[in-house]
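*Asks:* Please build the complete structure, drawing on both the sequences and the hints.
Sequences listed follow chains A and B, in order.
All the letters of the first sequence, read from the start, carry residue numbers 1 to 244 under my numbering.
All the letters of the second sequence, read from the start, carry residue numbers 1001 to 1217 under my numbering.
Hints listed in this document are in silico derivations from the structure and should not be mistaken for laboratory results.
Remember, predicted model here, so these are calculated numbers, not experimental data.
Beta carbons are placed, not taken as given, at the ideal position from N, Cα and C, and that holds for glycine.
Mixed in with the good hints, there may be bad ones.
Per label pair, the in silico range of CB-to-CB distance [what the hints assert, rightly or not]:
(1) A:66 to B:1193: 40 to 50 Å
(2) B:1076 to A:182: 41 to 51 Å
(3) A:79 to B:1209: 37 to 47 Å
(4) A:18 to B:1099: 24 to 34 Å
(5) A:193 to B:1162: 38 to 48 Å
Quick list of in silico lysine to any residue cross-link-like pairs, SDA-like style, CA-CA up to 20 Å [claimed, not checked]:
(6) B:1051 to A:68
(7) B:1051 to A:133
(8) B:1051 to A:137
(9) B:1051 to A:140
(10) B:1051 to A:59
(11) B:1051 to A:64
(12) A:242 to A:133
(13) B:1051 to A:75
(14) B:1051 to A:166
(15) B:1051 to A:74
(16) B:1051 to A:61
(17) A:242 to A:232
(18) B:1051 to A:232
(19) B:1051 to A:66
(20) B:1051 to A:242
(21) B:1051 to A:62
(22) B:1051 to A:73
(23) B:1051 to A:63
Short derived list, chain A residues pointing at chain B, Cβ under 10 Å [said to hold, decoys possible]:
(24) 16
(25) 18
(26) 24
(27) 40
(28) 43
(29) 46
(30) 49
(31) 51
(32) 56
(33) 73
(34) 74
(35) 76
(36) 139
(37) 218
(38) 219
(39) 241
Residues per chain, in single letters:
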Amino acid sequence: MSPDVHALLGAYVLDAVDDLERAAFDRHLRECEVCRMETDELREVAARLADGAWSAPPPRLRENVLAEIAGTRQLAPPAPPPARRRSPGRLRLVAAAAVVVAAAGAGAAVYAIQDQRVRDARQVAALAEQREARVRSILSAPDVQVHAERLNSGGRVTVASSQSRNAGVIMLAADGAPDPGKVYQLWTIRGGAPASAGALGEGQSTAVQVVDGMPGASDVGVTVEPAPGSATPTTPLDAVVKLT
Amino acid sequence: MAWEESVCEKRRDMAERDIGGRPEYLTPVPGPGTAPGAEVLLAAVARGDEKAFGRLYDLVAPRVYGLVRRVLRDPAQAEEVAQEVLVEVWRTASRFDPERGSATSWVFTIAHRRAVDRVRAEQAAAERTVKVGVASIGTPYDEVADEVTGRLERQQVRHCLDVLTEVQREAVTLAFYQGHSYPQVSELLRVPLPTVKSRMRDGLIRLRDCLSAGVAA
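*Replies:* As structure tokens, then:
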């Protein structure tokens, strides 16, 4: 197919093409399975950019959407295609393999790698999603309370806690990482006793950590500990966030 | 544009401190192991399950709304378009094809497309009214959301965007987050059209490689 159309792949995935180009590329995709796979794969990547644009919607949006879907008819599933949609492309490849063994072999390898990449991309997306889903559910809780403090060493620690979710989120944004061999460590303090809520890696200065049962704690503390972290704080608190 | 540049500068300064570091993460906290994923929910939605739709909403709405709002800038319009997108998800759930990608990516593709369509429609109708000052809708949620957005953003996606070359990053983000077409991006960056097209594609490929390298995180 014309290289002109194919060069649009990135712009197409980013919705940066006009309607005519989009139609031309859609036609191209129907004929080119390798392009379709690359498009699907890069679309998966572009969708991850949405992670960077997270913002809690106003609560009324949920009610409005649910009310509207209750009165909206759904599209019927598409009629099943006469054969598997992918088969024409595959068959053509197989035919090519019979004729030009070497070339078809290389083609198959590309397929395998792309398949693997789609799976990897999905796995990463699923993991990130699981982590972020927890954060989101806490931050969008109706009873979320937010407290923030400065770190003595420079930077900020913010704690969002929700009674109804019985969990909280600690967001650490230090101005810089501690000296080599030292790490930031987070603590929840209950009845005066600190329990570790996780230690950052060496060289790390920011983190988002979910803590179960956070509403039971009176304070959140931050210390600088010898890597990879300590069982109890060994240094004075760098910051204390009072939760009550 | 000046305000945007200064924001970008600041972001870059913040991000530079993490350069050379790996994606930021802590020891993983066990998630809600039993929570069904977007694929399962979307399949149930296709069968008309409104309860499943509610759960899918909770999973994707903040990113749908955030993305649309980032592209459109105007919170009121963003809310309207986000509602259209989510109703569209309900309406066309049966057309989702798991062979072609993940359920969340299908949803965000619809969201991005709708947001960009709205931008283009407005550009065609008249010069778009840029309401830079209206970025806040004044709910207490917002403050928290923005705080976290910054943090999350600087995690994997942000880290990976920093791996791109300057032109790749600008080309990808101007198109994705601001809804510019590639000729507009070419104009803004003063880079020839074919270069913009290839930078968008190279940029996405590089992002893909960086994001999949982060599996261990």
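*Asks:* Does each hint fit the structure? Answer for all of them.
*Replies:* Going down the list of hints, with the structure as the test:
The hinted range of 40 to 50 Å is satisfied by residue 66 (chain A) and residue 1193 (chain B), whose Cβ atoms lie roughly 44 Å apart. At about 47 Å, the CB distance of residue 1076 (chain B) to residue 182 (chain A) agrees with the hint of 41 to 51 Å. Take residue 79 (chain A) and residue 1209 (chain B): their Cβ atoms lie about 38 Å apart, and the range 37 to 47 Å holds. Residue 18 (chain A) and residue 1099 (chain B) have their C-beta atoms about 28 Å apart, which keeps the hinted 24 to 34 Å range intact.
Roughly 40 Å separates the CB atoms of residue 193 (chain A) and residue 1162 (chain B), a value that falls within the hinted 38 to 48 Å. Between residue 1051 (chain B) and residue 68 (chain A) the CA atoms are separated by roughly 14 Å; this keeps the pair inside 20 Å, and the hint holds. Our distance criterion of 20 Å between C-alpha atoms is met by residue 1051 (chain B) and residue 133 (chain A), whose separation comes to about 18 Å. Pair hint residue 1051 (chain B) plus residue 137 (chain A) holds up; C-alpha atoms about 17 Å apart against a cutoff of 20 Å.
For the given pair, residue 1051 (chain B) sits about 19 Å from residue 140 (chain A) by alpha-carbon distance, which is consistent with the 20 Å threshold. With a C-alpha separation of about 17 Å, the suggested pair residue 1051 (chain B) and residue 59 (chain A) falls inside the 20 Å cut-off, and the hint holds. A threshold of 20 Å between alpha carbons decides the hint, and for residue 1051 (chain B) with residue 64 (chain A) the separation of about 15 Å falls inside it, so the pair holds. This hinted pair does not check out: residue 242 (chain A) and residue 133 (chain A) have alpha carbons roughly 26 Å apart, beyond 20 Å.
Among the hinted pairs, residue 1051 (chain B) with residue 75 (chain A) is consistent with the structure: their alpha-carbon atoms are about 18 Å apart, no more than 20 Å. For the proposed pair residue 1051 (chain B) and residue 166 (chain A), the alpha carbon gap of about 23 Å is over 20 Å, so the pair is violated. Distance restraint check for residue 1051 (chain B) and residue 74 (chain A): the Cα-Cα separation of roughly 15 Å lies within the 20 Å cut-off, and the hinted pair is therefore satisfied. With a C-alpha separation of about 16 Å, the suggested pair residue 1051 (chain B) and residue 61 (chain A) falls inside the 20 Å cut-off, and the hint holds.
Taking the CA atoms of residue 242 (chain A) and residue 232 (chain A), the gap is near 19 Å; set against the 20 Å cutoff, the hint holds. The suggested pairing of residue 1051 (chain B) with residue 232 (chain A) is violated, with an alpha-carbon distance near 45 Å, which exceeds 20 Å. Taken as a hint, the residue 1051 (chain B) and residue 66 (chain A) pair is honoured in the structure, with Cα atoms around 10 Å apart against an allowance of 20 Å. Our distance criterion of 20 Å between C-alpha atoms is broken by residue 1051 (chain B) and residue 242 (chain A), whose separation comes to about 38 Å.
Among the hinted pairs, residue 1051 (chain B) with residue 62 (chain A) is consistent with the structure: their alpha-carbon atoms are about 13 Å apart, no more than 20 Å. A hinted pair counts as satisfied when its Cα atoms are at most 20 Å apart, and residue 1051 (chain B) with residue 73 (chain A) qualifies at roughly 16 Å. As the CA atoms of residue 1051 (chain B) and residue 63 (chain A) are separated by approximately 13 Å, the hinted pair is consistent with the 20 Å bound. Restraint check, residue 16 (chain A) versus chain B: the minimum CB separation of about 4 Å is within 10 Å; hint holds.
Among the interface hints, the one on residue 18 (chain A) holds; its C-beta lies about 6 Å from the nearest C-beta in chain B, closer than the 10 Å criterion. Hint on residue 24 (chain A) is violated. Least Cβ distance to chain B is approximately 14 Å, over the 10 Å limit. Annotation: residue 40 (chain A) was flagged as interfacial toward chain B, and the flag holds, the nearest CB pair being 5 Å apart, inside 10 Å. Given the 10 Å rule on beta carbons, the hint for residue 43 (chain A) holds: about 6 Å separates it from the nearest Cβ of chain B.
Given hint, residue 46 (chain A) at the interface with chain B, holds; its Cβ is 6 Å from that chain's nearest Cβ, closer than 10 Å. At its closest, the beta carbon of residue 49 (chain A) sits 5 Å from a beta carbon of chain B; the interface hint therefore holds under the 10 Å criterion. Checking residue 51 (chain A) against chain B by beta carbon gives a least distance of about 5 Å; that is within 10 Å, so the hint holds. The interface hint given for residue 56 (chain A) holds, since its Cβ lies 4 Å from the closest Cβ of chain B, which is under the 10 Å cut-off.
The interface hint given for residue 73 (chain A) is met, as the beta carbon of that residue sits about 7 Å from the closest beta carbon of chain B, less than 10 Å. The interface hint given for residue 74 (chain A) is met, as the beta carbon of that residue sits about 6 Å from the closest beta carbon of chain B, less than 10 Å. About 7 Å separates the beta-carbon of residue 76 (chain A) from the nearest beta-carbon of chain B, less than 10 Å, and the hint is met. Hint status for residue 139 (chain A) relative to chain B: holds, with the closest Cβ pair at about 5 Å, below 10 Å.
With its C-beta approaching chain B no nearer than about 21 Å, residue 218 (chain A) sits outside the 10 Å limit, and its interface hint is violated. Checking residue 219 (chain A) against chain B by beta carbon gives a least distance of about 19 Å; that is not within 10 Å, so the hint is violated. At about 14 Å, the closest approach between the beta carbon of residue 241 (chain A) and any beta carbon in chain B exceeds 10 Å, and the interface hint on this residue is violated.
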